[in-house]
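J.: Those letters in the sequence shown? Residues 1 to 292, per full-length UniProt numbering, in order.
These are calculated hints, taken from the structure and not from any lab test. Incorrect hints may appear among the rest.
[What the hints assert, rightly or not] As a list, the in silico BS3-like pairs of lysine-lysine whose alpha-carbon atoms are at most 27 Å apart: (1) LYS45 - LYS31; (2) LYS45 - LYS197; (3) LYS31 - LYS250; (4) LYS105 - LYS30; (5) LYS38 - LYS28; (6) LYS45 - LYS30; (7) LYS54 - LYS84; (8) LYS37 - LYS254; (9) LYS107 - LYS28; (10) LYS155 - LYS54; (11) LYS67 - LYS129.
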Amino acid sequence: MKLDTRTIIPQPEPSNKPKTEEEIAQQKAKKISRLQKKLLHYTGKAIHDFELIKPHDRILVCVSGGKDSFTMLVLLQHLQKIAKIPFEIFSFTLDQSQPGWDDSKLKLFMESRNIPYTVLTKDTYSIVKEKTPENHTYCSLCSRLRRGNIYRYAKEHGFNKIALGHHRDDLIHSLLMGIFYNGEVRSMPPKLLTDDKSLLVIRPLVYVQERDIAEFAYLSEFPIIPCNLCGSQSNMARNDTKRLLLDLAKKNPKIPSNILSAIQNIRPSQLMDKGLWDFNTLESKVESENKI
1 MKLDTRTIIP
11 QPEPSNKPKT
21 EEEIAQQKAK
31 KISRLQKKLL
41 HYTGKAIHDF
51 ELIKPHDRIL
61 VCVSGGKDSF
71 TMLVLLQHLQ
81 KIAKIPFEIF
91 SFTLDQSQPG
101 WDDSKLKLFM
111 ESRNIPYTVL
121 TKDTYSIVKE
131 KTPENHTYCS
141 LCSRLRRGNI
151 YRYAKEHGFN
161 KIALGHHRDD
171 LIHSLLMGIF
181 YNGEVRSMPP
191 KLLTDDKSLL
201 VIRPLVYVQE
211 RDIAEFAYLS
221 EFPIIPCNLC
231 GSQSNMARND
241 TKRLLLDLAK
251 KNPKIPSNIL
261 SAIQNIRPSQ
271 LMDKGLWDFN
281 TLESKVESEN
291 KI
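Please take these sequences and the hints and turn them into a complete structure.
T.: As C-alpha coordinates, this is what we get:
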(Lines of atoms letter the chains of each structure in order from A and count residues from 1; the text may use other names and numbers.)
(Lines give C-alpha, C1' and ligand atoms only; values in the text may rest on other atoms or scores of the structure.)
Protein backbone atom coordinates (compact mmCIF):
# COMPACT_ATOMS: atom_id res chain seq x y z
CA MET A 1 0.00 0.00 0.00
CA LYS A 2 1.31 3.46 -0.91
CA LEU A 3 1.85 5.69 2.08
CA ASP A 4 0.52 9.23 2.18
CA THR A 5 3.78 10.96 3.03
CA ARG A 6 1.94 14.11 3.99
CA THR A 7 0.81 12.35 7.17
CA ILE A 8 4.27 11.30 8.32
CA ILE A 9 6.56 14.14 7.20
CA PRO A 10 6.54 16.84 9.87
CA GLN A 11 5.41 20.21 8.56
CA PRO A 12 7.28 23.38 9.60
CA GLU A 13 5.56 25.39 12.25
CA PRO A 14 4.41 28.83 11.12
CA SER A 15 6.81 31.43 12.40
CA ASN A 16 5.31 33.86 14.88
CA LYS A 17 8.59 35.65 15.28
CA PRO A 18 8.06 39.38 14.75
CA LYS A 19 9.81 40.82 11.73
CA THR A 20 12.66 43.21 12.22
CA GLU A 21 12.51 46.76 10.85
CA GLU A 22 15.01 45.75 8.21
CA GLU A 23 12.83 42.83 7.07
CA ILE A 24 9.76 45.06 6.94
CA ALA A 25 11.68 47.64 4.89
CA GLN A 26 12.91 44.96 2.48
CA GLN A 27 9.40 43.58 2.05
CA LYS A 28 8.08 47.07 1.38
CA ALA A 29 10.84 47.78 -1.15
CA LYS A 30 9.96 44.57 -3.01
CA LYS A 31 6.30 45.57 -3.18
CA ILE A 32 7.20 49.03 -4.49
CA SER A 33 9.55 47.55 -7.09
CA ARG A 34 6.92 45.04 -8.25
CA LEU A 35 4.24 47.72 -8.52
CA GLN A 36 6.54 50.19 -10.25
CA LYS A 37 7.45 47.60 -12.86
CA LYS A 38 3.76 46.99 -13.55
CA LEU A 39 2.96 50.71 -13.70
CA LEU A 40 5.92 51.42 -15.98
CA HIS A 41 4.77 48.66 -18.34
CA TYR A 42 1.29 50.13 -18.78
CA THR A 43 2.54 53.72 -18.91
CA GLY A 44 5.12 52.80 -21.52
CA LYS A 45 2.48 50.94 -23.51
CA ALA A 46 0.21 54.01 -23.56
CA ILE A 47 3.11 56.24 -24.62
CA HIS A 48 3.94 53.80 -27.43
CA ASP A 49 0.37 53.11 -28.57
CA PHE A 50 -0.62 56.77 -28.84
CA GLU A 51 2.81 58.32 -29.47
CA LEU A 52 2.43 60.55 -26.45
CA ILE A 53 6.07 61.60 -26.25
CA LYS A 54 8.30 62.63 -29.15
CA PRO A 55 11.98 63.64 -29.21
CA HIS A 56 12.72 67.00 -27.55
CA ASP A 57 9.24 67.43 -26.07
CA ARG A 58 9.01 69.91 -23.21
CA ILE A 59 6.33 68.46 -20.95
CA LEU A 60 4.61 70.38 -18.18
CA VAL A 61 3.61 67.69 -15.67
CA CYS A 62 0.63 68.87 -13.65
CA VAL A 63 0.98 67.83 -10.01
CA SER A 64 -2.10 68.61 -7.95
CA GLY A 65 -0.75 66.96 -4.82
CA GLY A 66 -2.89 63.84 -5.24
CA LYS A 67 -1.84 60.21 -5.62
CA ASP A 68 -2.40 60.11 -9.39
CA SER A 69 -0.23 63.08 -10.33
CA PHE A 70 2.59 62.09 -7.96
CA THR A 71 2.63 58.60 -9.45
CA MET A 72 2.63 59.97 -13.00
CA LEU A 73 5.54 62.30 -12.22
CA VAL A 74 7.67 59.54 -10.69
CA LEU A 75 6.98 57.20 -13.61
CA LEU A 76 7.79 59.85 -16.22
CA GLN A 77 11.03 60.71 -14.45
CA HIS A 78 12.02 57.04 -14.46
CA LEU A 79 11.13 56.67 -18.14
CA GLN A 80 13.06 59.84 -18.93
CA LYS A 81 16.22 58.23 -17.55
CA ILE A 82 15.91 55.05 -19.60
CA ALA A 83 14.23 56.35 -22.77
CA LYS A 84 16.06 56.27 -26.08
CA ILE A 85 14.72 59.70 -26.98
CA PRO A 86 15.45 62.95 -25.12
CA PHE A 87 12.57 64.85 -23.53
CA GLU A 88 12.18 67.26 -20.64
CA ILE A 89 9.73 67.20 -17.74
CA PHE A 90 8.85 70.05 -15.38
CA SER A 91 6.52 69.76 -12.42
CA PHE A 92 3.78 72.38 -12.20
CA THR A 93 1.45 72.93 -9.26
CA LEU A 94 -1.31 75.51 -9.09
CA ASP A 95 -1.82 76.96 -5.61
CA GLN A 96 -5.48 77.98 -5.71
CA SER A 97 -5.26 79.80 -2.35
CA GLN A 98 -7.30 77.24 -0.46
CA PRO A 99 -7.27 77.89 3.30
CA GLY A 100 -4.72 75.67 5.01
CA TRP A 101 -3.09 74.50 1.79
CA ASP A 102 0.57 73.71 2.49
CA ASP A 103 3.00 72.89 -0.30
CA SER A 104 6.18 72.75 1.80
CA LYS A 105 6.44 68.94 1.68
CA LEU A 106 5.70 68.95 -2.04
CA LYS A 107 8.63 71.29 -2.64
CA LEU A 108 10.93 69.11 -0.53
CA PHE A 109 9.81 66.09 -2.56
CA MET A 110 10.71 67.80 -5.86
CA GLU A 111 14.08 68.94 -4.58
CA SER A 112 14.92 65.49 -3.20
CA ARG A 113 14.33 64.01 -6.67
CA ASN A 114 16.00 66.85 -8.59
CA ILE A 115 12.81 67.62 -10.49
CA PRO A 116 12.47 71.21 -11.72
CA TYR A 117 9.20 72.59 -10.42
CA THR A 118 7.02 75.67 -10.23
CA VAL A 119 4.22 76.51 -7.82
CA LEU A 120 1.99 79.22 -9.29
CA THR A 121 -0.38 81.01 -6.93
CA LYS A 122 -3.75 82.09 -8.34
CA ASP A 123 -6.79 82.67 -6.14
CA THR A 124 -9.34 80.60 -8.03
CA TYR A 125 -10.70 79.29 -4.72
CA SER A 126 -12.56 82.53 -3.93
CA ILE A 127 -14.00 82.72 -7.45
CA VAL A 128 -15.29 79.15 -7.29
CA LYS A 129 -16.85 79.66 -3.86
CA GLU A 130 -18.52 82.89 -4.99
CA LYS A 131 -19.75 81.82 -8.44
CA THR A 132 -20.93 78.26 -7.79
CA PRO A 133 -24.70 78.14 -7.16
CA GLU A 134 -25.96 76.44 -4.03
CA ASN A 135 -26.36 72.65 -4.31
CA HIS A 136 -24.02 72.56 -7.32
CA THR A 137 -20.57 70.96 -7.32
CA TYR A 138 -17.45 73.09 -7.48
CA CYS A 139 -15.64 70.75 -9.87
CA SER A 140 -16.81 72.14 -13.22
CA LEU A 141 -15.88 75.79 -12.64
CA CYS A 142 -12.78 74.85 -10.66
CA SER A 143 -11.44 72.66 -13.47
CA ARG A 144 -12.09 75.35 -16.10
CA LEU A 145 -10.23 77.98 -14.12
CA ARG A 146 -7.40 75.59 -13.34
CA ARG A 147 -7.14 74.51 -16.97
CA GLY A 148 -6.98 78.12 -18.16
CA ASN A 149 -4.09 78.92 -15.82
CA ILE A 150 -2.22 75.76 -16.79
CA TYR A 151 -2.58 76.40 -20.54
CA ARG A 152 -1.52 80.01 -20.16
CA TYR A 153 1.58 79.12 -18.16
CA ALA A 154 2.56 76.36 -20.60
CA LYS A 155 2.34 78.66 -23.62
CA GLU A 156 4.17 81.52 -21.92
CA HIS A 157 7.07 79.26 -20.92
CA GLY A 158 7.58 77.32 -24.13
CA PHE A 159 6.07 73.93 -23.30
CA ASN A 160 4.50 71.96 -26.13
CA LYS A 161 2.77 69.29 -24.03
CA ILE A 162 0.85 69.09 -20.76
CA ALA A 163 0.66 65.79 -18.86
CA LEU A 164 -2.40 64.99 -16.74
CA GLY A 165 -2.76 62.09 -14.32
CA HIS A 166 -6.12 60.64 -15.36
CA HIS A 167 -6.09 56.84 -15.15
CA ARG A 168 -8.11 53.94 -16.56
CA ASP A 169 -10.90 54.26 -14.01
CA ASP A 170 -11.28 57.98 -14.75
CA LEU A 171 -11.80 57.22 -18.44
CA ILE A 172 -14.43 54.59 -17.67
CA HIS A 173 -16.29 56.76 -15.16
CA SER A 174 -16.23 59.69 -17.58
CA LEU A 175 -17.69 57.54 -20.36
CA LEU A 176 -20.51 56.18 -18.19
CA MET A 177 -21.35 59.59 -16.71
CA GLY A 178 -21.49 61.11 -20.18
CA ILE A 179 -23.99 58.45 -21.22
CA PHE A 180 -26.08 58.49 -18.03
CA TYR A 181 -26.26 62.22 -17.36
CA ASN A 182 -25.49 64.05 -20.63
CA GLY A 183 -26.60 61.69 -23.38
CA GLU A 184 -23.15 61.73 -24.97
CA VAL A 185 -20.63 59.02 -25.80
CA ARG A 186 -17.40 60.69 -24.76
CA SER A 187 -14.51 60.15 -22.40
CA MET A 188 -10.93 61.39 -21.95
CA PRO A 189 -8.59 60.85 -24.91
CA PRO A 190 -4.96 59.87 -24.31
CA LYS A 191 -3.87 62.79 -26.49
CA LEU A 192 -5.84 65.99 -27.07
CA LEU A 193 -5.18 69.06 -29.19
CA THR A 194 -6.27 72.22 -27.40
CA ASP A 195 -8.93 74.39 -29.05
CA ASP A 196 -6.39 77.01 -30.13
CA LYS A 197 -4.14 74.24 -31.52
CA SER A 198 -1.16 75.50 -29.52
CA LEU A 199 -0.69 72.59 -27.09
CA LEU A 200 -1.14 68.85 -26.75
CA VAL A 201 -2.57 67.37 -23.57
CA ILE A 202 -1.37 63.82 -22.83
CA ARG A 203 -2.59 61.23 -20.32
CA PRO A 204 0.13 58.60 -19.81
CA LEU A 205 -1.85 56.63 -17.19
CA VAL A 206 -4.84 55.69 -19.35
CA TYR A 207 -4.07 51.96 -19.02
CA VAL A 208 -3.27 52.08 -15.29
CA GLN A 209 -5.78 50.95 -12.65
CA GLU A 210 -6.56 53.28 -9.76
CA ARG A 211 -6.06 50.57 -7.14
CA ASP A 212 -2.45 50.06 -8.30
CA ILE A 213 -1.83 53.79 -8.14
CA ALA A 214 -3.32 53.99 -4.64
CA GLU A 215 -1.13 51.16 -3.36
CA PHE A 216 2.00 52.56 -5.02
CA ALA A 217 1.38 56.05 -3.61
CA TYR A 218 0.72 54.65 -0.12
CA LEU A 219 3.86 52.50 -0.08
CA SER A 220 5.95 55.32 -1.56
CA GLU A 221 4.67 57.71 1.11
CA PHE A 222 4.04 60.56 -1.29
CA PRO A 223 3.30 63.88 0.48
CA ILE A 224 -0.38 63.94 -0.52
CA ILE A 225 -2.12 67.32 -0.29
CA PRO A 226 -5.91 66.87 0.05
CA CYS A 227 -8.23 69.15 -1.91
CA ASN A 228 -10.50 70.75 0.67
CA LEU A 229 -12.71 72.18 -2.07
CA CYS A 230 -13.58 68.85 -3.69
CA GLY A 231 -13.43 67.03 -0.38
CA SER A 232 -16.09 69.31 1.10
CA GLN A 233 -18.74 67.99 -1.30
CA SER A 234 -20.16 64.60 -2.15
CA ASN A 235 -20.37 64.18 -5.93
CA MET A 236 -23.41 61.92 -5.97
CA ALA A 237 -23.39 61.27 -9.71
CA ARG A 238 -19.74 60.20 -9.77
CA ASN A 239 -20.10 58.16 -6.58
CA ASP A 240 -23.18 56.37 -7.94
CA THR A 241 -21.29 55.58 -11.15
CA LYS A 242 -18.33 54.22 -9.20
CA ARG A 243 -20.57 52.03 -7.06
CA LEU A 244 -22.38 50.69 -10.12
CA LEU A 245 -19.10 49.75 -11.77
CA LEU A 246 -17.81 48.11 -8.59
CA ASP A 247 -20.99 46.05 -8.29
CA LEU A 248 -20.75 44.94 -11.91
CA ALA A 249 -17.06 44.09 -11.55
CA LYS A 250 -17.83 41.85 -8.58
CA LYS A 251 -20.04 39.75 -10.84
CA ASN A 252 -17.69 39.93 -13.81
CA PRO A 253 -14.14 41.25 -13.20
CA LYS A 254 -13.61 41.72 -16.95
CA ILE A 255 -16.24 44.45 -17.25
CA PRO A 256 -13.93 47.45 -16.57
CA SER A 257 -11.32 46.27 -19.08
CA ASN A 258 -14.07 45.50 -21.60
CA ILE A 259 -15.41 49.04 -21.26
CA LEU A 260 -11.91 50.41 -21.86
CA SER A 261 -11.61 48.18 -24.93
CA ALA A 262 -14.98 49.47 -26.17
CA ILE A 263 -13.67 53.04 -26.14
CA GLN A 264 -10.98 51.88 -28.57
CA ASN A 265 -13.31 49.84 -30.80
CA ILE A 266 -15.97 52.24 -32.06
CA ARG A 267 -18.16 51.01 -34.94
CA PRO A 268 -19.97 54.06 -36.37
CA SER A 269 -22.17 51.95 -38.66
CA GLN A 270 -23.64 50.23 -35.58
CA LEU A 271 -24.61 53.49 -33.85
CA MET A 272 -26.94 56.41 -34.64
CA ASP A 273 -24.58 59.37 -35.06
CA LYS A 274 -25.30 60.93 -38.47
CA GLY A 275 -22.10 62.93 -38.18
CA LEU A 276 -20.03 59.74 -38.10
CA TRP A 277 -22.02 57.64 -40.57
CA ASP A 278 -23.77 58.70 -43.75
CA PHE A 279 -27.13 56.91 -43.53
CA ASN A 280 -28.60 58.91 -46.44
CA THR A 281 -26.41 57.32 -49.12
CA LEU A 282 -26.93 53.67 -48.14
CA GLU A 283 -29.72 53.20 -50.73
CA SER A 284 -27.40 54.25 -53.55
CA LYS A 285 -24.82 51.75 -52.36
CA VAL A 286 -27.42 48.96 -52.47
CA GLU A 287 -28.41 49.98 -55.99
CA SER A 288 -24.79 50.05 -57.09
CA GLU A 289 -24.23 46.55 -55.74
CA ASN A 290 -27.34 45.25 -57.55
CA LYS A 291 -26.14 46.63 -60.88
CA ILE A 292 -22.89 44.72 -60.68
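J.: For the pair we were handed, LYS45 and LYS30, check the Cα-Cα distance against 27 Å.
T.: It holds: about 23 Å lies between the C-alpha atoms, which stays within 27 Å.
J.: Does LYS54 pair with LYS84 here, judged by a C-alpha cut-off of 27 Å?
T.: holds, 10 Å
J.: Check whether the Cα positions of LYS105 and LYS30 lie no farther apart than 27 Å.
T.: holds, 25 Å
J.: Within 27 Å, alpha carbon to alpha carbon, are LYS107 and LYS28?
T.: Since the Cα atoms of LYS107 and LYS28 sit roughly 25 Å apart, the hinted pair holds (cutoff 27 Å).
J.: Is the Cα-Cα distance between LYS45 and LYS31 27 Å or less?
T.: holds, 21 Å
J.: Just to be careful, I want the Cα atoms of LYS31 and LYS250 compared with a cutoff of 27 Å; is the pair within it?
T.: Answer holds: LYS31 to LYS250 is near 25 Å, not above 27 Å.
J.: What's the verdict on LYS38 and LYS28, does the C-alpha distance respect the 27 Å limit or exceed it?
T.: holds, 16 Å
J.: Do the alpha carbons of LYS67 and LYS129 lie within 27 Å of each other, as the hint requires?
T.: holds, 25 Å
J.: Starting from LYS45, check that the Cα of LYS197 is at most 27 Å away, please.
T.: With Cα atoms ~26 Å apart, LYS45 and LYS197 stay inside 27 Å; holds.
J.: Given the hint that LYS155 pairs with LYS54, does the C-alpha gap stay at or below 27 Å?
T.: holds, 18 Å
J.: Please work out if LYS37 and LYS254 have their alpha carbons no farther apart than 27 Å.
T.: Holds, at about 22 Å.
Checked against the numbered hints above, the structure violates none of them.
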